[in-house]
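Now for the letters of each chain:
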Amino acid sequence: MARSSAPGFLISSFVLIAAFLLAFTVGRYPVSLSDLFAVIAAKLTGHAPHVAPAVENVIWQVRGPRIIAASLVGAALAVAGTAFQGLFRNPLVSPDILGASSGAALGAVLGIFISLGEFAIQAMAFAGGLVAVASVYAVGSAVRARDPVLVLVLAGVVIGALLGAGVGLLKYLADPYNQLPAMTFWLLGSLAAIGPSDLMPLFGPVALGTLTLFALRWRMNVMSLPDEEARALGVPTGPLRIAIVAAATLVTSASVATAGIIGWVGLVVPHIARTLVGPDFGRLIPAAALIGGGFLLLIDTLARTAAAVEIPLGILTALLGTPFFIWLLTNVAKSWSTE
Amino acid sequence: MTLSGRDLTIGYNDRVVGTRLDISLKTGEVLALLGPNGGGKTTLLKTLLGLLPPKGGEVELGGRPLASYTSRERARRIAYVPQSHTATFAFTVETVVLMGRTVHGSLFNRPTATDRVVAARMLERFGIAHLANRPSTQISGGERQLALLARALAQEPQFVVLDEPTASLDFGNQGRVMHEIRTLGRSGHGVLFTTHDPNHAMRAADHAFLLRQGARIADGDVRSVLTRERLEALYGAKLAVFQDRDSGESAFLPE
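Chains as they are written, first to last, in the numbering used here: chain A, 277 to 615; chain B, 16 to 270.
Quick caveat, the hints were computed from the structure, so don't treat them as lab data.
Treat the hints with caution; some may be incorrect.
[To be verified] In silico contact screen, one side only, chain A against chain B (beta carbon under 8 angstroms); selected entries:
1. Arg365
2. Ala418
3. Arg420
4. Asp423
5. Pro424
6. Leu492
7. Asn497
8. Ser500
9. Gly510
10. Arg559
[Stated by the list, open to error] Here are the computed distance ranges between Cβ atoms for each label pair:
11. B/Arg131 - A/Gly303: 33 to 39 angstroms
12. B/Glu270 - A/Trp603: 36 to 42 angstroms
13. B/Gly142 - A/Trp603: 51 to 57 angstroms
Using N, Cα and C, we set each Cβ at its ideal position, and we do this for glycine too.
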């Protein structure tokens, strides 16, 4: 039976807020909840807070940017996964299906290889993701076939493999003492180096892409039907597919450029969201954004507090994502498969 | 209004499926497309729907080439009822029907109150209003076919094109869909449907078009076209004819 989506939104908002409070308070430098509220209240009213300057520094300069980045990256990957799963009518699709991640990886690894600065490496990653998806799209469109969606996926697999080979080559050629660890660290995903200045390059593309997808939410319902059915319903599927792919690629590339490669979020979170609020994209996109944000924020908090050294995010999401996905496959299939 | 194909060559990129096909459908008329598997029924259907460009000849709608219509203009005039299938995502039956309203809204529009009223009327018309909030993946094949019909009519088209609307339905639901097709014709829609069963054509259609290996075998008034000899030739099988003593209607069964 169709359920109200209110409980689903309540749960996901609650998780996100709880993750926020937890992420601000735990860490090497503990911050109490009352300190946190005092600092935020002081910022809002313009007074100086009655806490140690170090606490203020931790909240605004260190943890704050990292928390915002984690929520944005999680939300972005979840929204992109939701869009791609709908577009490709396949619940096993993740945001890197069209090569956004492998393109970004090659861009970043190349940037590290030629010893670019941090910002230039991010820009290379961002551009790499866009270029990869554009080439996949060009190859997919050049092949005239009856099922354009399937051709696109196959082109993505092929070009992804080629880009993977490029990454492998650069790792092989890289200086094993300086460059290789940086490449490996980046490829496993991390938010450890996030500062306040990293937020705008992340927020801009993520907001633009997510709002575009949300504006197209009803058309995305129709786009999740077979191509011919959608066209018979009067939807120009060609241009709309480009718009959806472009928007989803924009948010994916921006998150990968900021945080490196973080798998599983874009695959698992859309399923949780669909279970909570149903398949209608009007509710699914906001729900996926909330859950994805909360999920990655919890993961990132775990990554920086669980051990003496930072654990790469990609490793944690895989450790948690794999069993969770197996559980999904065996139990919650009803949200997308047939009876 | 007329939907017609003139001297059509139909097929896909690398393959010609049928040649020299002339077919015409007026509003208020029901046309059944019959023929063995692989004969080009579905290809012809998709060409007339404007989903597949003809490789030769021209499809016209209301005296204008169908290719000159935008996808929006086309979908306001011709609706498609695909073969009933289970969807990937469990949209509710109401959402499925509302998708038929997409063509009446602009790019960023969501369904309006008017759209919901139209959808509710269609659900009512096909007797599936009680299923409105059920996931479309959890209803029976017959109910799903009716939901797809409701979606097509929510487009408010002049023509409805159905691909094997009775396939995979039980006996009772076959009759029900047949009845709906007749009703559509009487209410002024032009209806084109493919079927494997000549009896369904006899039941629901005014005209029949027989297609084998991409070539027209015969077309015209359903009762004069569907004779035992023609059908035996069409399907390459021996048939028996049964006649109802009261109504005089006849039915075919393969031997």
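Here's how the hints hold up against the structure:
The beta carbon of A/Arg365 is positioned within 8 angstroms of a beta carbon in chain B (closest approach about 4 angstroms), and the interface hint is therefore held. Nearest Cβ of chain B to the Cβ of A/Ala418: about 13 angstroms, over the 8 angstroms cut. The hint is violated. Annotation: interface hint on A/Arg420 holds; nearest CB of chain B at approximately 5 angstroms, less than 8 angstroms. At its closest, the beta carbon of A/Asp423 sits 11 angstroms from a beta carbon of chain B; the interface hint therefore is violated under the 8 angstroms criterion.
The beta carbon of A/Pro424 is not positioned within 8 angstroms of any beta carbon in chain B (closest approach about 12 angstroms), and the interface hint is therefore violated. Evaluation of the A/Leu492 hint against chain B yields a held restraint, the C-beta minimum of about 7 angstroms falling below 8 angstroms. Checking A/Asn497 against chain B: minimum C-beta separation of about 6 angstroms stays under 8 angstroms; hint holds. With its C-beta approaching chain B no nearer than about 6 angstroms, A/Ser500 sits inside the 8 angstroms limit, and its interface hint holds.
Taken as an interface hint, A/Gly510 checks out: its beta carbon lies about 3 angstroms from the nearest beta carbon of chain B, inside 8 angstroms. The closest approach between the C-beta of A/Arg559 and any C-beta of chain B is roughly 11 angstroms, which is over the 8 angstroms cut-off, so the hint fails. The hinted range of 33 to 39 angstroms is not satisfied by B/Arg131 and A/Gly303, whose Cβ atoms lie roughly 50 angstroms apart. At roughly 55 angstroms, the beta carbons of B/Glu270 and A/Trp603 sit outside the given window of 36 to 42 angstroms.
At roughly 39 angstroms, the beta-carbon separation of B/Gly142 and A/Trp603 lies outside the given 51 to 57 angstroms, and the hint is violated.
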